[in-house]
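2 protein chains.
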Amino acid sequence: MMIPKRAFGLVFCLLLATGLILFSRTLGHSLAEYFFGPHGPVIPYTTHIVLFQFKDGTSKFAVKEVVAQFFGLKKACIHPTTLRPYIVSISGGKDISTENLQNGITHAFVLQFHSIEDRDYYVDDDPVHKAFKEAASTALEKAIVVDYQNGVFTSV
Amino acid sequence: MMIPKRAFGLVFCLLLATGLILFSRTLGHSLAEYFFGPHGPVIPYTTHIVLFQFKDGTSKFAVKEVVAQFFGLKKACIHPTTLRPYIVSISGGKDISTENLQNGITHAFVLQFHSIEDRDYYVDDDPVHKAFKEAASTALEKAIVVDYQNGVFTSV
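Protein chains in written order, with the working numbering: chain A, 1 to 156; chain B, 1 to 156.
Treat the hints with caution; some may be incorrect.
Listed below are the simulated DSBU-like cross-link pairs for lysine-lysine, each with C-alpha atoms no more than 30 Å apart in a straight line [what the hints assert, rightly or not]:
| # | chain 1 | residue 1 | chain 2 | residue 2 |
| --- | --- | --- | --- | --- |
| 1 | A | Lys94 | A | Lys64 |
| 2 | A | Lys94 | B | Lys133 |
| 3 | A | Lys55 | B | Lys75 |
These are calculated hints, taken from the structure and not from any lab test. This one's a predicted model, so the numbers in the text were calculated from it and none came from an experiment.
Make a model of the complete structure from these sequences and hints.
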């Protein structure tokens, strides 16, 4: 036998850890990115950058409402075929840049999707996202949206 | 004795894994964010969003040069006290948004720093970053920069 009896615990533990990591698509992805970098053997996430400038006179309460609804999309947006949430991550915050290159922007959000197809569904079809856009647009002066796949600089 | 002899392998392996994760500041941070979310018991990274519009007529070669130099900052930017690289991550790519809200932007980059202090050093003092900025600016029509700490919406 190749594995000594005393190492069974260790081998079992390693197998369990590997299984858990593979099972967790998100965690596996970030570990793969961590170890292999953006050019590793994974399809890079599609990153979706959203920058907001609110209308003059928008109340703090209204801003808070938009922000809370935005973060809520992580769980509220459901994929039509898997019937599960499909937004990998949403992060965001109030601008704290000191470079004066905000072009009026005050709030930033970065979303990640598993694929361009998921991004397309989010942008074009998702009814929950559509409702959010309509509600938020009344408070917005300007929105800038830029998407990319990490490390991909060729035209699509 | 509380731990049966046969479980030593397993316990050792768990301790090793915990040690490795704690040792690796970056990995520990992303795992913590994964398990606890943006409001978990960690100081959120400072995210630094940089969007570029290149001047009309900028050659593909010049664009490639700027992009390569930008990604190179990950290793080239050295912290003055730790004498080690301090940019947590750089990701970026060519815009593939379909929403027509790019405001002229064609390339996007997202950097992460451990703290606002690291971001300040990068923006204000880092000589490597300064040299990059000067080299890149000749090819740039416009740059938009927005920073945030994930989940922080109060004014600083």
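To see whether the hints hold, each was checked on the structure:
1. Our distance criterion of 30 Å between C-alpha atoms is met by lysine 94 of chain A and lysine 64 of chain A, whose separation comes to about 11 Å.
2. For a cut-off of 30 Å, the pair hint linking lysine 94 of chain A to lysine 133 of chain B stands: about 24 Å separates their Cα positions.
3. For the given pair, lysine 55 of chain A sits about 40 Å from lysine 75 of chain B by alpha-carbon distance, which is inconsistent with the 30 Å threshold.
Checked against the numbered hints given earlier, the structure breaks only hint 3 and satisfies all the rest.
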